[in-house]
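Chemist: Sequence:
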Amino acid sequence: MSGIGGIGGAGGLQQIMALRQQIIDRSQLLQQVRTPAAGAPEAATEAPGAKGVSGGFTSALKSALDNVNATQENASKLSEAYDKGEVTDIAKVMLARQEAGVAFEATLQVRNKLLTAYQDIMRMGV
Numbered sequence: 001m002s003g004i005g006g007i008g009g010a011g012g013l014q015q016i017m018a019l020r021q022q023i024i025d026r027s028q029l030l031q032q033v034r035t036p037a038a039g040a041p042e043a044a045t046e047a048p049g050a051k052g053v054s055g056g057f058t059s060a061l062k063s064a065l066d067n068v069n070a071t072q073e074n075a076s077k078l079s080e081a082y083d084k085g086e087v088t089d090i091a092k093v094m095l096a097r098q099e100a101g102v103a104f105e106a107t108l109q110v111r112n113k114l115l116t117a118y119q120d121i122m123r124m125g126v
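Taking the numbering used here, the leading residue of the sequence shown gets 1, the next gets one more, and so forth.
Think of the hints as simulated: they come from the structure by calculation, not from any bench.
In silico BS3-like links for lysine-lysine, alpha-carbon gap of 25 Å or less:
1. Lys113 - Lys62
2. Lys77 - Lys92
3. Lys62 - Lys77
Let the hints inform the model, and build the full structure from the sequences given.
Modeler: Here's what the structure looks like:
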């Protein structure tokens, strides 16, 4: 990414606009998530976006975990097939195992970040 002096180009302006849009989107999501927790139960029923945000996060997390699981199952099947002599391409087997390992490590890192964020929130004073 270029420094402040290199922002004059069209690519730099597009990057800034994209970052600005991401910040705005995240701010809106945080406001929608905060709305049901701060108000009465009526606020949750009146704000259709609030339910979609938690459902969106839950479905995105479930989808990501399902993808990791599918990657691990594929690697396991290829390893078993190689052991039985059905698959002769060792590079394909090793690549599948590496993909499964990287996917698991990424999932573990996301879990650690979520756990740290949860612990930080629980330590906050009201």
